[in-house]
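K.L.:
The residues making up each chain are set out below.
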Amino acid sequence: MNKRDIAAAAAILGAFGAGACYLGPGPERFWINWLVWTLMLLSAGLGALFLTGVEHLSGARWSVPLRRCAERVSDLVVPGSAALLAALLSLPVLYPWARPGGAPRLAPELRAAWLNVPFFSLRTAVCAGLWLLCWRILAGGSRRQDRSRDPALTLRARRWAAVYMAVLGFSLLFVAYDWIVSLEPEWYSDVIGVYLFAGAFLSGVAASSLVVARLLRAGRLPGVRFDHVYSLGAWLFAFTVFWSYIAFAQYLLMWYANLPEEVFWYKQRTQGPWQAAALALAALHFLIPFFALLPVDAKGDLPGLRRCALIVLAAQFLDLYWLIFPAVCPRPVFSWPEACFALLFMGAAALWLRRSLGRDADMPVGDPFLKDGLEFRL
Amino acid sequence: MPEARLFGVAGIFGEPCRLLEAVARLKASGWERLQAYTPYPVRGLEGALDVKRSPLAGTVLAMALAGTALAWLMQWWMNGVDYPTVVGGKDPRSWQALVPIMFEVMVLFSCLTAALGMLFLFNRLPRFGHPVLEAGLGRFTTRDKFALVVEAGAAAFDAEAARRALREAGAETLMNIPVPAPAFVGLRGLLRLAAAGGALAAAGGAGMYWLIKLWPVLPPMSHMLVQPRLDAQMSSAFFADGRGMRPPAEGSVARGRLAEALVSSRTAAGLAAPLPVTPAVLMAGRRAFERTCVVCHGPVADGTSLLTPAYGAVPANLQARKFLAYSDGMIYERILRGHNAMPGYAWALDDDRRWAVVRYLRALQRAQHAKESDLP
Numbered sequence: 001m002n003k004r005d006i007a008a009a010a011a012i013l014g015a016f017g018a019g020a021c022y023l024g025p026g027p028e029r030f031w032i033n034w035l036v037w038t039l040m041l042l043s044a045g046l047g048a049l050f051l052t053g054v055e056h057l058s059g060a061r062w063s064v065p066l067r068r069c070a071e072r073v074s075d076l077v078v079p080g081s082a083a084l085l086a087a088l089l090s091l092p093v094l095y096p097w098a099r100p101g102g103a104p105r106l107a108p109e110l111r112a113a114w115l116n117v118p119f120f121s122l123r124t125a126v127c128a129g130l131w132l133l134c135w136r137i138l139a140g141g142s143r144r145q146d147r148s149r150d151p152a153l154t155l156r157a158r159r160w161a162a163v164y165m166a167v168l169g170f171s172l173l174f175v176a177y178d179w180i181v182s183l184e185p186e187w188y189s190d191v192i193g194v195y196l197f198a199g200a201f202l203s204g205v206a207a208s209s210l211v212v213a214r215l216l217r218a219g220r221l222p223g224v225r226f227d228h229v230y231s232l233g234a235w236l237f238a239f240t241v242f243w244s245y246i247a248f249a250q251y252l253l254m255w256y257a258n259l260p261e262e263v264f265w266y267k268q269r270t271q272g273p274w275q276a277a278a279l280a281l282a283a284l285h286f287l288i289p290f291f292a293l294l295p296v297d298a299k300g301d302l303p304g305l306r307r308c309a310l311i312v313l314a315a316q317f318l319d320l321y322w323l324i325f326p327a328v329c330p331r332p333v334f335s336w337p338e339a340c341f342a343l344l345f346m347g348a349a350a351l352w353l354r355r356s357l358g359r360d361a362d363m364p365v366g367d368p369f370l371k372d373g374l375e376f377r378l
Numbered sequence: 001m002p003e004a005r006l007f008g009v010a011g012i013f014g015e016p017c018r019l020l021e022a023v024a025r026l027k028a029s030g031w032e033r034l035q036a037y038t039p040y041p042v043r044g045l046e047g048a049l050d051v052k053r054s055p056l057a058g059t060v061l062a063m064a065l066a067g068t069a070l071a072w073l074m075q076w077w078m079n080g081v082d083y084p085t086v087v088g089g090k091d092p093r094s095w096q097a098l099v100p101i102m103f104e105v106m107v108l109f110s111c112l113t114a115a116l117g118m119l120f121l122f123n124r125l126p127r128f129g130h131p132v133l134e135a136g137l138g139r140f141t142t143r144d145k146f147a148l149v150v151e152a153g154a155a156a157f158d159a160e161a162a163r164r165a166l167r168e169a170g171a172e173t174l175m176n177i178p179v180p181a182p183a184f185v186g187l188r189g190l191l192r193l194a195a196a197g198g199a200l201a202a203a204g205g206a207g208m209y210w211l212i213k214l215w216p217v218l219p220p221m222s223h224m225l226v227q228p229r230l231d232a233q234m235s236s237a238f239f240a241d242g243r244g245m246r247p248p249a250e251g252s253v254a255r256g257r258l259a260e261a262l263v264s265s266r267t268a269a270g271l272a273a274p275l276p277v278t279p280a281v282l283m284a285g286r287r288a289f290e291r292t293c294v295v296c297h298g299p300v301a302d303g304t305s306l307l308t309p310a311y312g313a314v315p316a317n318l319q320a321r322k323f324l325a326y327s328d329g330m331i332y333e334r335i336l337r338g339h340n341a342m343p344g345y346a347w348a349l350d351d352d353r354r355w356a357v358v359r360y361l362r363a364l365q366r367a368q369h370a371k372e373s374d375l376p
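So the protein sequences, as listed, match chains Z and P.
For the first sequence, our numbering puts the final residue at 378, and the numbers step up evenly by one.
For the second sequence, our numbering puts the final residue at 376, and the numbers step up evenly by one.
FYI, nobody ran anything at the bench for these hints, they're computed from the structure.
Okay, derived cross-link-like pairs now, BS3-like style, lysine-lysine, Cα gap no bigger than 27 Å in a straight line:
| id | chain 1 | residue 1 | chain 2 | residue 2 |
| --- | --- | --- | --- | --- |
| 1 | P | K145 | P | K27 |
| 2 | Z | K267 | P | K90 |
| 3 | P | K27 | P | K52 |
| 4 | P | K371 | P | K322 |
| 5 | P | K145 | P | K52 |
| 6 | P | K145 | Z | K371 |
Distance ranges between label pairs, derived from CB positions:
| id | chain 1 | residue 1 | chain 2 | residue 2 | range |
| --- | --- | --- | --- | --- | --- |
| 7 | P | L73 | Z | L122 | 51 to 61 Å |
| 8 | P | A195 | Z | G169 | 54 to 64 Å |
| 9 | Z | R359 | P | L116 | 49 to 59 Å |
| 10 | P | L70 | Z | Y22 | 50 to 60 Å |
Ideal placement from N, C-alpha and C gives every residue a C-beta, glycine not left out.
All chains, full assembly: derive it from the sequences and hints.
P.N.:
Structure representation (structure tokens):
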């Protein structure tokens, strides 16, 4: 039984468990798990695509040998988008504004203009369509270049990278407001889109680092050295601090202002049964990766970077769990439905990534800057 | 031509990787005392040269943590212990509010430690010269070249062998680095430099002080001084009658003036003196009488005093039968309000003194009309 079979077995077992969850504990538990894991897939995929895009846009050379790893992680956008479209079925189950008579304190104008099922679905569909389009051009174009060696594709990717920056900025804002904030529509936050982006980019970099570590150990990335790994570690380090800054700034402002319509959300998540989750989030998302990556050599140390990447991915899951679950669960739950969903989505993602890893070259061999990238030194 | 005493020999390289290879080669062939000069930090060079890891990073981390802790302690003590202030209904010892300052002090401590520590602690500045700089190697190594210097040290130094080794290791150019002439700046020079620096700093400070004092560019903080307010006797356009000082509202009584407000000539007769007849009260009454009343009414209150002929006034003879028949309250009311030519003395005597004067006057009257039974 090889690793592929284990992943497949986990996914199948998880799928049965998820089905049982729908019938047993109920659709609410099913859809809340589905939502968290869908956003987890999208975080890694969209974040990795952002890594690709920002490097195209800035003309970075160091990252060219590692770009295919990020492009492979960005393939998760496809199942993630599909899962998000499927999650539209959850609207009447999870979202009070979508139920007749739900969220009575919500202004009727807001409901008419923004929070109604047709417009909500349209926004989600447009976002998913734009992600897939950008994924196709950035990640797909790079693979086409492997065969055609056409430098025009690099220029095209650079232009589309700019488009993707804007698309990602707005779409993550919509995802944050629509799919996360509107679970408790009385709450509002100006910075939640940036917060979600920071977490998504972190998990994109972390997942790409895992792929890089795996391929490097298998000897599939010849010429990739400490210098490249160090730069990837520097991304992870920098955005650990960025996420923490955004997260704490929002918490501090809402704690200070103490407005009832803002602070109930934090009160629910930082006091009482959810307090442990908030403390774990601070440790996993900031303290541990920050101090682990602080020394110069740690950023380029492959096993250490791999451990940090795993911690950051766990932190992103915990973050989504902590953002979403308290809307329906007064205290943290982690039982067999959650475990089954973890098996289902992690198994499926592993299968999807294995499929990507089995195709195409391990580096963008058609990119005219690949030689420059391999010669990169700090 | 005899060669000047050499500090060392420099080989100049065009690429950082050439430099790294050269370091490895020279190390392998047994050369000690190697030193590299590069325009930017070259990765791997410290390892190749066996340079000990600088303690600066650890020092900065320690100072950063110390700064964070200090900032927390300072705020916790000031806001939470020494002068607890509740802001916005928060616990004065809440840690959340302390985080921004903790962060800032952490940055301050780290930056100062990094900059000053790098310059003075670990690079041992001030240093007034170095053979490598005197020889002009900096022209290359601060731009686009990488230099490896084989230093002569104290032992016998074969410059020719060093040059050969560097050339074989791929140096583009070689350069001799002579030991410069004895340093111009000695201890006295250092003292002069310190004195000059101190004088400059003092002159700068004094100059700033007088500049600001003589030509105040910025007004001093005056936002408490300059504000719309009414001083005594000032007019005001705000009120319709133009008076800045406002009369008290109708029917209001100033603090301590309740007795005056309540007493009238009709109610006065029924007032009873609140003070007992004691020597202390009588002495207080006597003091007040002598200060205020004697001038006109005379020492025994019979209306004769030195002033009366001079002014042609006729003060009341308080020993007259009419006044003997007055009740205490009626005398009190006259002190308060005055009568005929006599003004009221409410402003001069507080309530206790008025009643003490009444008691003393009664004593004077009794003394002037003493009966035999009054004798002890």
